[in-house]
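Colleague: Chains as they are written, first to last, in our numbering: chain A, 1 to 466; chain B, 1 to 119.
Please note that the accuracy of each hint is not assured.
Straight-line distance between alpha carbons at most 27 Å, and here's what the computed DSSO-like set of lysine-lysine pairs gives [to be verified]:
#, chain 1, residue 1, chain 2, residue 2
1, A, K127, A, K185
2, A, K101, A, K86
3, A, K323, A, K185
4, B, K2, A, K86
5, B, K101, A, K86
6, A, K101, A, K68
7, B, K101, A, K68
8, A, K41, A, K98
9, A, K127, A, K101
Beyond 10 Å from chain A on every Cβ pair, some chain B residues (computed) [unchecked claim]:
#, residue
10, G24
11, V26
12, H38
13, L39
14, A65
15, L72
16, R73
17, D93
18, Q117
Okay, the calculated bits of chain B under chain A, using three or more residues with CB under 8 Å as the criterion [stated by the list, open to error]:
#, region
19, 2-15
20, 47-58
21, 76-86
Source of the hints: derived by calculation from the structure; they are not laboratory data.
Think of the CB as a built atom: it goes at the ideal place given N, C-alpha and C, for glycine as much as any other residue.
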Amino acid sequence: MNTVFGGGFIEGASYIVQGQPGAGKTILGNQIAFATAAAGKRVLYITLLAETHDRLFQSLSTLTFFDKQQLGRSVSYLSVFQTLNKEGLSAVVNLLRKETKRQGASLIVFDGLLNARDRAETQLDVKTFVAEVQSQAAFVGCTVLFLTSARLEDDSPEHTMVDGVLELHDELVGARTVRRARLRKSRGSAALGGYHQYEITEDGISVYPRLEAALSRPSVEDAADTQPVLSGIEGLDALTGGGLPRGSTTLLVGPSGSGKTTFGINFLAQCSLAEPGLHFGFYETPKRLMLKARALGLDLQTHVDSGALEIAWHPLTENLLDKLAYRLLDAIAARGVKRLFLDSFGAMERAAVSRTRLVEFFAALTNELRAQGVTTVGTWELRDLFASEVTAPNSEISSLLDNLIMIRQVEIRSEYKRVLSVLKVRDHAFQAAPQEVVIGERGLAIRGDFEPASGISTGLARPLEA
Amino acid sequence: MKIVVAEDEFLIADMLVVSLEDAGHVVHSAAHGAAALHLAREHQPDVIVTDFMMPLMTGLELAEAIRADGALRHTPILLVSGAQGAIARERADLFDLVLDKPYDIDRILEAVAQLEQRP
Numbered sequence: 001m002n003t004v005f006g007g008g009f010i011e012g013a014s015y016i017v018q019g020q021p022g023a024g025k026t027i028l029g030n031q032i033a034f035a036t037a038a039a040g041k042r043v044l045y046i047t048l049l050a051e052t053h054d055r056l057f058q059s060l061s062t063l064t065f066f067d068k069q070q071l072g073r074s075v076s077y078l079s080v081f082q083t084l085n086k087e088g089l090s091a092v093v094n095l096l097r098k099e100t101k102r103q104g105a106s107l108i109v110f111d112g113l114l115n116a117r118d119r120a121e122t123q124l125d126v127k128t129f130v131a132e133v134q135s136q137a138a139f140v141g142c143t144v145l146f147l148t149s150a151r152l153e154d155d156s157p158e159h160t161m162v163d164g165v166l167e168l169h170d171e172l173v174g175a176r177t178v179r180r181a182r183l184r185k186s187r188g189s190a191a192l193g194g195y196h197q198y199e200i201t202e203d204g205i206s207v208y209p210r211l212e213a214a215l216s217r218p219s220v221e222d223a224a225d226t227q228p229v230l231s232g233i234e235g236l237d238a239l240t241g242g243g244l245p246r247g248s249t250t251l252l253v254g255p256s257g258s259g260k261t262t263f264g265i266n267f268l269a270q271c272s273l274a275e276p277g278l279h280f281g282f283y284e285t286p287k288r289l290m291l292k293a294r295a296l297g298l299d300l301q302t303h304v305d306s307g308a309l310e311i312a313w314h315p316l317t318e319n320l321l322d323k324l325a326y327r328l329l330d331a332i333a334a335r336g337v338k339r340l341f342l343d344s345f346g347a348m349e350r351a352a353v354s355r356t357r358l359v360e361f362f363a364a365l366t367n368e369l370r371a372q373g374v375t376t377v378g379t380w381e382l383r384d385l386f387a388s389e390v391t392a393p394n395s396e397i398s399s400l401l402d403n404l405i406m407i408r409q410v411e412i413r414s415e416y417k418r419v420l421s422v423l424k425v426r427d428h429a430f431q432a433a434p435q436e437v438v439i440g441e442r443g444l445a446i447r448g449d450f451e452p453a454s455g456i457s458t459g460l461a462r463p464l465e466a
Numbered sequence: 001m002k003i004v005v006a007e008d009e010f011l012i013a014d015m016l017v018v019s020l021e022d023a024g025h026v027v028h029s030a031a032h033g034a035a036a037l038h039l040a041r042e043h044q045p046d047v048i049v050t051d052f053m054m055p056l057m058t059g060l061e062l063a064e065a066i067r068a069d070g071a072l073r074h075t076p077i078l079l080v081s082g083a084q085g086a087i088a089r090e091r092a093d094l095f096d097l098v099l100d101k102p103y104d105i106d107r108i109l110e111a112v113a114q115l116e117q118r119p
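Sequences are here, hints too, so could you generate the full structure?
Modeller: Here it is as structure tokens:
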């Protein structure tokens with residue numbers, strides 16, 4: 001959330017948090033309240049709702065940030081419903097001023113601005129109310145959050161008064177609920193505009209800023225090391241000039257069963273404590289992956305035991321694209337990962353709600369991986385086992401990736417063989433001839449040029465007869 | 001019996017006032033501690049029923065003010081609170097009885113009756 005706001009809330013500033021019921025405003029307000037209290041400051045949580053505080057505490061008690069010990073000590077829940085009803089808005093302003101001063105509060109969360117609006121006789125009243133509350137608070141350096149379920153328009157008087165407006169959206173996309181936050185306005189900080197996905201868990205609200213906005217530039221300087229990274233596949237490095245360029249991203253395309261996962265196991269079997277590896281996958285569970293590696297005669301277990309390799313499995317269920325990216329980058333940062341096998345790019349694409357941003361998303365991700373010196377191999381499954389056409393992923397995404405390798409089964413002379421073709425290596429000469437590969441005792445290995453034939457890339461090859 | 005009720009939450013205040021009135025008491029209610037203190041000085045109640053977290057003056061501060069007031073110092077005080085029961089129970093000098101929310105209204109009526117019978 002701090003990233004979205006360009007560094008958090010500003011002391012003495014005021015913000016509106018708006019969203020339909022259920023979008024998580026109250027959770028957010030309380031989460032911020034308890035975080036402020038945990039930092040040793042005092043908070044006033046002002047409600048204008050008829051719901052009792054006790055019911056609120058009951059629903060908050062399942063959340064990890066809720067600390068009953070702080071109630072009445074650093075966080076005070078006060079209802080001004082009666083004051084508003086009996087004495088009106090100006091009495092509420094007065095009460096807030098006295099109470100802020102009395103408690104030395106650093107934060108006021110005002111839950112229920114909509115009710116204040118109902119009570120106001122004219123728009124001017126609300127504007128005056130918001131203006132007075134915030135100017136008093138600003139005077140003593142107190143930050144104010146107004147929570148409201150009203151759909152306030154851009155030109156509403158409340159919007160013009162406050163320093164920031166955060167919208168929480170809760171909408172259905174297909175069969176899933178998608179929660180997105182948007183900062184509509186932010187004075188005095190370099191905020192990240194647009195929609196950011198968030199989720200509500202027992203830890204409260206977690207916002208995942210759009211990767212391409214948060215990492216519009218990589219977080220570190222590009223590593224200049226150009227020493228190639230060994231692929232771990234016998235015979236492949238000779239074709240690509242000694243290995244995969246360090247920090248490059250390789251897209252490995254091929255239909256199901258062609259040997260993509262095996263390629264990854266070969267690649268990760270080369271990791272070491274100096275060059276830690278990460279398997280970031282959506283399909284095989286860690287257990288199955290280990291079994292597979294053992295069957296191939298490659299030892300991943302020793303690497304996992306020594307800490308040289310981590311296997312992170314995210315089932316292909318409802319994932320948030322940006323959350324996945326942050327998980328990935330966190331896992332990389334935690335262990336200084338240098339070899340990444342991502343299985344697959346397609347699964348990440350499926351997690352996207354809006355596909356129009358995929359190009360920018362993958363650009364930000366691959367730039368960051370490159371800058372971190374991570375050599376990445378990612379897979380992309382081709383739909384057809386045999387096809388007259390070879391479909392690469394969205395051409396714009398392909399162009400972001402440094403290297404392109406295709407692997408597939410080919411039927412030739414009533415036999416199935418595997419073929420691997422290097423289609424692109426960034427800034428390096430490579431041998432483009434299709435290669436025959438086998439899955440042998442040490443996983444994937446290149447046996448040599450595929451026999452002369454036509455139609456190899458379609459999977460249905462015809463030998464070139466003399 | 002005269003009772004002053006201090007409660008900022010409208011729903012709870014309303015329920016308390018109606019129930020106490022139905023039980024035959026005369027009830028004066030205030031939305032925060034400061035107003036309750038004012039009412040107590042004006043009406044000299046037999047019992048004070050107060051919430052803990054309230055604007056301007058908390059239940060704890062109200063009790064301190066009552067105990068420091070020559071005319072009111074022996075008034076029985078009943079605190080009803082969601083989360084601060086523990087804080088209040090440490091102050092037996094201030095509160096005659098502490099009840100936790102959410103509470104049973106009959107338990108309050110019973111408690112009020114008991115407090116009244118005290119010498």
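Colleague: Hint by hint, where does the structure go against what was stated? Just the numbers, ascending.
Modeller: Violated: none.
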